[in-house]
Amino acid sequence: MVLKRKRSESEFSVTSSSAFTSPLRPFATAMDICFTSPSPTRPQSGSMAPAHLPSRTLKRFRDSRPSDELIHRRTLNMLYSAAQKQKQQQQQQWPEEAATQVQAQPETPRDSGSGGQMSLHSFWKLPPTSAAASSASAPPVDRAIYAPTSCEDCGQTLGGEDGGGDSMDIDGLDGGEQTSCRACGKHLDSFLKEVPDTINNSNLPISGARVVIAPHAGYSYSGPCAAWAYKCLDLSKAKRIFVLGPSHTYYLSGCALTKFAKYETPLGDLTVDEAVIQELRDTGKFQDIPSGSDVNEHSLEMHLPYIYKRITQTFSSESEYPTIVPILVGDNNGPEEKEFGELLAPYLKNPENAFVVSSDFCHWGSRFSYTAYAPEGNVQQIQSLSRRTAKPTNPPIHESIKQIDHLAMYAVESGDHNSFVDNLKHTKNTVCGRHPIGVMMAALEVLAKEGAEDGKYRFKFVQYQRSSLVEDASDSSVSYASAYAVV
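Residue numbers for the sequence shown follow this note's numbering, so the first one is 1 and each next one is one higher.
Bear in mind the hints are in silico, worked out from the structure with no lab data behind them.
Any given hint could turn out to be false.
[What the hints assert, rightly or not] Each computed DMTMM-like pair below joins lysine to aspartate or glutamate, with the alpha-carbon atoms no more than 20 Å apart:
| no. | residue 1 | residue 2 |
| --- | --- | --- |
| 1 | K239 | D288 |
| 2 | K285 | E274 |
| 3 | K456 | E352 |
| 4 | K391 | D475 |
| 5 | K349 | D422 |
| 6 | K428 | E376 |
[To be verified] Computed Cβ-Cβ distance ranges for the label pairs, DEER-style:
| no. | residue 1 | residue 2 | range |
| --- | --- | --- | --- |
| 7 | K237 | T271 | 34 to 40 Å |
| 8 | N200 | Q313 | 19 to 25 Å |
| 9 | E318 | K456 | 17 to 23 Å |
| 10 | S236 | N200 | 33 to 39 Å |
| 11 | N350 | K193 | 42 to 48 Å |
Don't be surprised by glycine CBs; every beta carbon is placed ideally from N, CA and C.
Produce the complete structure using the sequences and hints provided.
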C-alpha cells in the first residue's frame, strides 16, 4: 500500500457568490398533508461562508484548469456516459487496472478523440505517477518532489520564517511543518466556533452521535454547513472512522476500498485501518478503488481535514488518534444498499467505530440536467423548467428546491430506507450521496430492529444551506445539509 497525499477540493463548487443559509422551517399546508414525518431540528441559521476563501482549491500538477462550469458539465457527462455503457454492455469485461491486480476494476471512459469523452486523468493532463499505476501488492513509494509556494487548500502562503517554500514530497516524506498550513486549521476552527454549543438543550458533541451526514463542496460553500455535523460528532470512544462517499471520477457498481496506507491533509496524516480494509475485502463484496480515481475523488477528501481537526480536539495524544476506513459507494439499487448495510451493521454496532457519510443535496440547474419545479408547492406535479420558461414566482425556484430537499431529508429522518428510495424515485432529486446515505440508513435499520430505543438509530438534520438562491431557470445552485444519528 502506498501513502496518498490528499488535498481538499470540490468538483461541484458552483460559481455563484457567497453561500446562503436557511433555517429549517415548516412548509405550506399542502406539503404537510403529503408528508407526516416530524420536521428536522430547526436551529438558528449559521453565518454566511467567508467570501475570502477560494471556491475551489488547488491540487498538485493542475495548472491552467478549465472553468468550474466546464468541469461540472464534463464530469457529469462522463459519469452518465459510463453508466449507460455499463448497462448496455453487461457481459463485457472491463480491463484490469494492472496485470497483478486480482479483481478487474471498471475504468473511466477512455479518450475517444475529438468530441469524445475523456477520463479525468486525461482531462486534467496529470503526469503518470507510481501511485496511479500501482498494484494491490504493496508497491514501492516513489517520490514526486514539488516546491509549493501556497497552501493547496486555502491559498495561504507557505514556507518558513524566511518566506521560502521548502521542497515538499507528495508522498509526505519531506517538508514537515514547513508545508503544513495553520490557516486551514484556523478556517475550520472559525466554522466550528460559529455553531452554537447546544442544540435543543443538548450539549455538543451529542453523546452517542457516532454517525453524521455532511457535505463535500468547497469550504467557502459548504464548510460552514459541515461544521454543524462535525460539532455534533462524538468521537470520545472512537478507534476508527469509516468515511462513505459517492464516486465522482468513474462509474462504480457495488462498493470499493482504498489501497492507500495513509491520507495526508494540510493539518496532518490520517492512517488507514488496513486490518479492517482487509476484513471487508475478504468478504468478496468490495472492489478496490483505482489509484488515480482515489487521488481525484473529492467526496472523501473534503472530510479529511475536518476529521483531523475533530480528532485533535478530542484526543491529547497522537497514539490515541483513530484510523480511517475510506469506502466509495457506487450505483446500487435498494436491495444492494441493504446488503451492504447489513454487512456494515456489526461495525456500526461497535461503540469504537464512527461513521461520516459524504453527500451534497440537490444539484439544481441545466448544468446538472435537473430543473425540477413544484408549481404552487405541489410536489405531486413536479415539472422541469427550461431556459425559455417564464420566471416562476409561486413559489420562487429556490423555495421549490428547498421543498424538494426537505422531502428527502424527512425521508432520511423517518429511518425507513424504502421511504428514502421511493422519495428519490418520485422527485429524481440529485442527491449525489444518495447511495452512501442509503447504505447507512440500511445499517441503522438493522440495529433498530435488534432493539429500538427512542432517539436512536435515526438521523436528525441540524442545518440546511444553499450555494445561491435561484430565481431564474438559467441559474444554478447546490444544496448542503448536515445531520447526526445517535447509535
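These are the hints, each one checked on the structure:
Taken as a hint, the K239 and D288 pair is broken in the structure, with Cα atoms around 23 Å apart against an allowance of 20 Å. At roughly 17 Å between alpha-carbon atoms, K285 and E274 fall within 20 Å of each other, so this suggested pair holds. Distance check on the hinted pair: K456 and E352 sit about 17 Å apart at the alpha-carbon level, within 20 Å; holds. A distance of roughly 11 Å separates the Cα atoms of K391 and D475; the hinted pair therefore holds under the 20 Å criterion.
For the suggested pair K349 and D422, the alpha carbons sit about 27 Å apart, so the restraint of at most 20 Å is broken. Of the pairs offered as hints, the one joining K428 and E376 holds, with about 19 Å between alpha carbons and a cut-off of 20 Å not exceeded. For the pair K237 and T271, the supplied restraint of 34 to 40 Å is violated, since their beta-carbon distance comes to about 18 Å. Taken as a hint, the range 19 to 25 Å holds for the pair N200 and Q313, whose Cβ atoms sit roughly 22 Å apart.
Between E318 and K456 the CB atoms are about 32 Å apart, so this pair departs from the stated range of 17 to 23 Å. For the hinted restraint 33 to 39 Å between S236 and N200, the CB-CB distance of approximately 20 Å leaves it violated. The hinted range of 42 to 48 Å is not satisfied by N350 and K193, whose Cβ atoms lie roughly 31 Å apart.
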